[in-house]
Amino acid sequence: MKPARFTYHDPVSRDEALALLTSYADDAKILAGGQSLIPLLNMRLAQPAHLVDINHLTELAYIHEEKGGIAIGALARHRDAEHSAIVRRLCPLLAEAMPLVGHAPIRSRGTICGSLAHADPTAELPAVLLALGGHVYAESHEGTRTIAAENFFISELQTTLHSTELLTGVWFPAAPAHTGAAFLEICRRHGDFALVGVAAQITLAEDQHIAEAHLALVGVAPTPLRDIHSEELLRGELPETGIFREVAARIMSMLRPGSDIHASAEYRRSVAGVLVERALSLASERARQSIEGEEKKR
Amino acid sequence: MSMATRTFGMPVARKEDPRFLTGSATYIDDIDLPAMQHAAILRSPYAHARIRSIDTSKAAALQGVSLVLTYRDLVATGIAAQPLPLLIPHPALTHPHTAYALAKGTVRYVGEAVAMVVATDRYIAEDALELIEVDYEPLPVVSPRELDSVVRPETPQIYADTPNNIAAHLVQQVGDVDAAFAQAAHVFRRRVTIERSASLPMETRGVVARFDAFERILTVWDSTQGPISIRNGLAVLFGLPVDKVRVTTPDIGGGFGVKIMLFYSEEVLVPLAAMKLGCPVKWIEDRREHMLASNHERGQLHDISVAMDEDGHILGLRDIFWHDTGAYCPYGIIVPQITSCQLPGPYKLPTYYSDATVVYTNRTPVSPYRGAGRPQGVFAMERILDYAADQLDIDRAEIRSRNFIQPEEFPYDVGLVFQDGLPTCYDSGNYPACLERLLEMIDYDHFPEQQQQARAEGRYLGLGLGCYVEGTGIGPYEGAHILIDNQGEVHVATGVSTQGQGHPTTFAQIAADILQVPLEKVHVTTGDTQRFQWGAGTYASRALVVAGNATALAAQAVKEKALKIAAYALEVSPEDLELVDGRVCVKGAPSRGLSLAALSIISNPIRYAYGAKAADLPASLPPREPPLPPGEEPGLEAVRYFSPPHATFANGMHAAIIEVDVQTGIVKIRKYVAVHDCGRLVNPQVVEGQIYGGVAQGIGGSFYEQFVYDENGQLLNANYLDFLIPYATEVPHMEVDHIETPSPINPLGIKGAGEAGCIPVPALMAAALEDALRPFGARVDQMPLTPTAIMQLITGKQNTSAQ
Amino acid sequence: MSIHDEHAVHPAEKREIRVRVNGVERTAQVEARWLLSDVLRHEWHLTGTHVGCEHGVCGACTVLFNGAPVRSCLMFAIQADGGELLTVEGLAQSDGTLHPIQQALHIYHGLQCGYCTPGFLMNIYAFLQEQPPANLSDDEIREALSGNLCRCTGYQGIVEAVRHLLQERASNKIQATQAVATEEV
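Residue numbers (the numbering used here), protein chains in the order written: chain D, 1 to 298; chain H, 299 to 1101; chain W, 1102 to 1286.
Mixed in with the good hints there might be a few duds.
What the hints assert, rightly or not - The list that follows gives simulated cross-link-like pairs (lysine-lysine, DSSO-like), each with its CA atoms no further than 30 angstroms apart:
#	chain 1	residue 1	chain 2	residue 2
1	H	K356	W	K1115
2	H	K819	H	K313
3	H	K885	H	K862
4	H	K966	H	K819
5	H	K819	H	K862
6	H	K313	H	K859
7	W	K1115	D	K29
8	H	K313	H	K356
9	D	K29	H	K356
None of these hints come from the bench; they were simulated from the model.
Generate coordinates for the entire structure from the input sequences, incorporating the hints supplied.
Here's what the structure looks like:
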């Protein structure tokens, strides 16, 4: 399984990369980690005339605190985020998701932004971005667009990125104090793409009621799904089975998942409900533990 | 007093490991010859179509392309224009069909070879494939959901001369099963299915060929389990004398049955291309090709009924089944024949009726995959026994126990004809002891309590067990050549090939033991027709049994010759001599002796003795007239063959405890145990390794591995993202114990172990699932099961959407 | 046509790459589409790295690139230019002494056909580099090993080998990783 021919470009500057994308647009594909693209090339399911390898743009390999959140550049690898103290401290939901992304060798090369741009409906990172309401930066010769998560994912493997644009970075909001996060997914094998996955983050107020909730699902639609109304339902409630079940039921009633050889629509729907309950419960428990941890320090 | 060398039966670490560990093994794709070119195969994208035309001109014109072949070229060459051979004909196989090396006018499965390109590298060869223009006219496709629908009149017919797509109808019976059913107190019936999967070794197939036009010698390296058969077949096909064709197996990255064929198309096309081009040609299969075009197995549907008395004793068994052979039947009906013979397992069936309909479908052809029809038969048998146990309220282990063939009843003739054409006659075994040990290992008596406690906590545990008997070590024969050289090194050669089963170590253990030399001094070569050229191949759990025994016989013969030569040189009688620690010496006077190296030198009475050990020789030897006595041959070597009277029957019993998450249908295996009887063990570590590997494949066949075809015959999961093979996280820790009932029909008393591990797994996993989900009234009739299917057992809702 | 095309590598053109492989600098003229696995095996004749699927699932092609485990079938060789590779050929000492990871697989019968073995060795090497705790559970060891397929061993011997390595390291009998052997070209 060898790739078809292409013209290979490895620009050394952002400008050069953008110029290439402007020139070749739909005839070009961007190569960052390559963990999603190269299998497609090897199987000749994709045969771009031009490949723009951005791996020399090392200035984009950053992970740093910025504007109340974390800014991650296009060349930051999954592995970097997995081991990042900043991610662990500021963005527990992202930290929870990272070990679930494929296996270690995939994480060595694959990039956060690459995963977002690829937009696989069962991928974890799009769900994290959507749940937290982050945004991405799309750069072209015309300038930079900031695209909010809810406006980024259109359909399976489709985003609002133009073919002349490079995703240069992503921003995840930082979690407030007293926050717990959980990413639960059902896979047939460890490290596989999920059949269904749920990203949940709960922030508790001083009185133990839910101050803030974030919830998104994968594997149940062509894009990750976030239900703001469910999050609103949770706000102000005590984190208990009753409300979790109510949210799960509401979400299940909204879902119209697809069927494939790995799971039926009905399976995805009902397991989504199960995982929503479990994830909300786990996230709440972790939020509670973070409060207790603080109290112990005092 | 020195200790005699003893390696037989020891868990010796493998001699061959270093080159595999350091990356210096040589697999087929590691072979690099000067001026070598690379082949790629164009494969049909249609499951059934007529080829109206093929235009290869653009492909041939691509820079770097040396050759493009279609069927027309085979006709022009006069080589391989006939269908590929049918292995193992059988009277019941009334409508056999095999493929052409390149499709002749019609393609009958997605992946069938249509054309071949040879180019300077594989990248270019694949570019050229895309330039070949084939005009296909699609034809109706046979790709059923339920296998028995294939024979219905409304189903399209794949072959004009094959009504109802029936390749064969095989009936075997013992006694009057109708009478048994008529008189029985109870009759139980189930309809069960095992789905299609495949061997899928880590290494795909590959062939390298080189033709020396001057010497007219064809050399082929082939990742095959049967090099001698390939050699013989190629000699006939190319009209070459047998000694002008050499087939060597490189190191092989797993076989499991899929690498034994005569022939896969490429095994013919690559040598042909090498001859036409005058340069070496290499073809390496990629993974996608492997999944489409290397043989599959397992797909069967059984309608099984058992007649029992009040106490659960089997009075009769009737099994009607359908076997999917795919588009062709290159391997005859071996697989369903084995299913039919091995379904009875360790149980006494006073009457038995087995009716197999072998059907064609527009899918990849079928040939044996580890287990070779036994997993399907065992699945059917174990399911019906579990069902009967449930209905009669008899403990599942107890109902099996009541029906076991007892130790004193061996040899036990089942009354059927086995795959070797000989009676299915169990030679030895101790099924009650096996079960007792199994129940002990799984802590069977305490499980109900464990299960109840778990249920109280909202957790669902289940226990399943499965029993099987496996005919191994079939003939016709294998041979071994042993030569001891002037350095005292022992060279063993045999015709079977190796794909990881440890032959270089286990055969060496056998020889080392008899010849009393350290293991390091024994060097085993397998699978090279230049070194050994009579034999059948590595399959059917036979290599160690048959070639191992041949090795023992050859070693014994060499030992006897050594004693004879020593007797002559030392001027004593052979009875006064013994072989200890690589030396033949006088009993009671060990200083009077000769090393095997010295004896090797003496065995060749030429004027000049050479080799470092020549210095060890006595100053003079007794004179002999003639120097080489009549009837004797020079050299300390022997060739011996072993031809078993029939199969030797190993057996095993496995059990597992699983936990099912009833909200997600996800299964975790909490405990896995196996008791295995393969007679005497040459190397327990190697045997256990075989079992662990087999069990992992069995787990694959229980929860993960299933080829999914749509109604157009398109294989929907021809890649490793969609066809799931278990990682380490999906396979549990396993405990294995052994029972040894030696085989009385071969000198070493050994039985085969290569396939054992995978055979009972789907059966016991189905049982464990039913046991765990008993509160939901679940019945498991099909394997493998996805989480979706398991959830349906729990919710009771059948899935109507595409699955 | 972009002005940048002069730096581009057009189909059938080649670029010279320099990579430090097992401590030795190697060069090759590569087409851009040539996979790293193919260049390792067929240009540099380091055939210890094996190809099992060419879509990143089986792990047989795993090597270390700049110290991290990667699938060599999911990298173009041209992307390795200027970098550092460790392959299975770099594990044993030049006198043939096996690396402790190799020795452990040998003792615990963690290989049969050997085809997946180099991938496992490199994955385990990378894993041990992370300094995992010695008392990992069976599940945790299996998680570390997931991502590499084996069809022969049922993983049992491999898991036992890793457990042994963790225990040996804990008792300081071996270093987590040994120095990379310099290899004769």
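Now for the hints, and whether the structure bears them out:
no., hint, result
1, H:K356 to W:K1115, "holds, 24 angstroms"
2, H:K819 to H:K313, "holds, 10 angstroms"
3, H:K885 to H:K862, "holds, 15 angstroms"
4, H:K966 to H:K819, "violated, 46 angstroms"
5, H:K819 to H:K862, "holds, 22 angstroms"
6, H:K313 to H:K859, "holds, 27 angstroms"
7, W:K1115 to D:K29, "holds, 20 angstroms"
8, H:K313 to H:K356, "violated, 51 angstroms"
9, D:K29 to H:K356, "holds, 27 angstroms"
Violated hints, in rising order: 4 and 8; the structure is consistent with all others.
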